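Based on the provided sequences and hints, a complete structural model is requested.
Chains as they are written, first to last, in my numbering: chain A, 1 to 232; chain B, 1 to 232.
It should be emphasised that the hints constitute simulated quantities derived from the structure, not laboratory data. Since we're looking at a predicted model, the values are computed, not measured. Hints may be right or wrong, so weigh each one.
When chains are identical, the list treats them as one kind, so a pair holds in a single copy or across two.
Claimed, not checked - Calculated lysine-lysine pairs in the BS3-like style (CA-CA distance at most 30 Å, straight line): (1) Lys160 with Lys5; (2) Lys54 with Lys109; (3) Lys7 with Lys54; (4) Lys181 with Lys25; (5) Lys160 with Lys54; (6) Lys54 with Lys25.
Protein chains: 2
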Amino acid sequence: MSLDKIKVIAFDADDTLWENEPIFKSAIEAFCSLMAPYGAAEQCEQGLYAVQMKNLPLYGYGIKAFTLSLIEAAMTLSNHQVSQRTVSEIMDIGQFMLEADNPILPGVKQTLEALTQNYRLVMATKGDLLDQERKLIRSGLEGYFHHIEIMSNKFSSNYKKLVTHLDLAPDAFLMVGNSVKSDVLPVLDIGGHAVHIPFHTTWEHEHAEIPSAHAQFRSLNDISELLPLLGV
Amino acid sequence: MSLDKIKVIAFDADDTLWENEPIFKSAIEAFCSLMAPYGAAEQCEQGLYAVQMKNLPLYGYGIKAFTLSLIEAAMTLSNHQVSQRTVSEIMDIGQFMLEADNPILPGVKQTLEALTQNYRLVMATKGDLLDQERKLIRSGLEGYFHHIEIMSNKFSSNYKKLVTHLDLAPDAFLMVGNSVKSDVLPVLDIGGHAVHIPFHTTWEHEHAEIPSAHAQFRSLNDISELLPLLGV
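Here's what the structure looks like:
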């Protein structure tokens, strides 16, 4: 891909800069243990996912949305038999998630440090405003970013707005992230560049086919491979 | 106040551009009816407010945060005696709120229409990203705004970032809103201008003393009074 024109590099945050999905995985495990009297773990996970998908247009992403879906799923899965104590325990799972640490992924700090010399860096993430701001502040990475964009969705239209807001031609924009569906396909769609860095675990909702060959797309194993790719 | 330097006018959204607090008031009434077996309405409202204030740093603003606090308050107020059906009914209150209409306040459209000829207009609101975007799109007012800022908080530091982001001197910035605490005091604090337009009902958390006399502050009865104030 021709990378000469790139001026702005935007990074997804969850599972690109820091671990996040493992917190959700653990929460789902804890939830399905609480739900064990009403069915097998697999059934619980499927029931929860169905509730999450139903609520997505109304609730959006993030831990508060997830917690509300946990409570609703508990009612559905138990046929309203779940105890009030269990409801309180489910609320505690949500609060625990909000306070959990998101460890920075290997190579992130050094890569941002090197790239910030030559590019304007942006963080572009979905999710809850307050959650994402809190994670960013805790991460100590805030100083590397020229702009923080917290998006309700990562559709092509959202990226188009971002690129316009940054006063950029689409091919001056490179997006880096772990989700093909959210960080790659919509960016290629508007004429931007995209780098996919897979994380070991991906939420079912974010699954998508990797583009087979595209002049503006690359897949890397590790964020630090961005430096040789960009000749930094 | 000397208004000649003003280039950007930012508007709070909830209860400044459209009705919002009445939706919360109705929800609290509905909730306290459900809680009637466990105590008087006044006690219920106080208990709920205490839970909301405890959760504010973790949950932030918005309807999802409010719904989670309703459920927690139901557990506390009923000493975990509240039925599972009631928990589901409380979740329904939250979903109903997310889908509720927010009627545009009188004079808003005409005022924005007139101001947009001479100023850059910004919407600056607290709350949930997805909720606020949804309300804006439904309102049909989106086209008047050059920039939309959805903020996790409205502290001086948040306004300082906004003014920097807009590449403005603080005294080129005028904030218009119904909350003295969120829309007036922090803006005066950073050297901006502020106009207070009271709404007939204000959330307890937003109460603050109106500044007695300040060169960069004015109180108006109605948004359309902005036009003669600014000589438009």
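Problem set entry | 30 Å Cα threshold - placement of Lys109 relative to Lys54 | Cα proximity of Lys54 and Lys109: none, with 37 Å in one copy and 34 Å across.
Exercise. From the Cα coordinates, with 30 Å as the cut-off, is the pair Lys181 and Lys25 best called within, between, both, or neither?
Worked result: within (20 Å within a copy, 40 Å between copies)
Exercise. Using 30 Å as the alpha-carbon threshold, which applies to Lys160 and Lys54: within, between, both, or neither?
Worked result: within (27 Å within a copy, 39 Å between copies)
Exercise. When no copy is specified for Lys54 and Lys25, does a C-alpha distance of 30 Å or less occur within a copy, between copies, both, or neither?
Worked result: both (19 Å within a copy, 27 Å between copies)
For this session: With 30 Å as the alpha-carbon cut-off, assign the pair Lys160 and Lys5 to within, between, both or neither.
Result: For Lys160 and Lys5, only the intra-copy Cα distance (17 Å) is at most 30 Å; the inter-copy one is 32 Å.
For this session: Can you give me the call for Lys7 and Lys54, within, between, both or neither, at a CA distance of at most 30 Å?
Result: neither (39 Å within a copy, 43 Å between copies)
This entry does not satisfy hints 2 and 3, going by the numbered hints stated previously.
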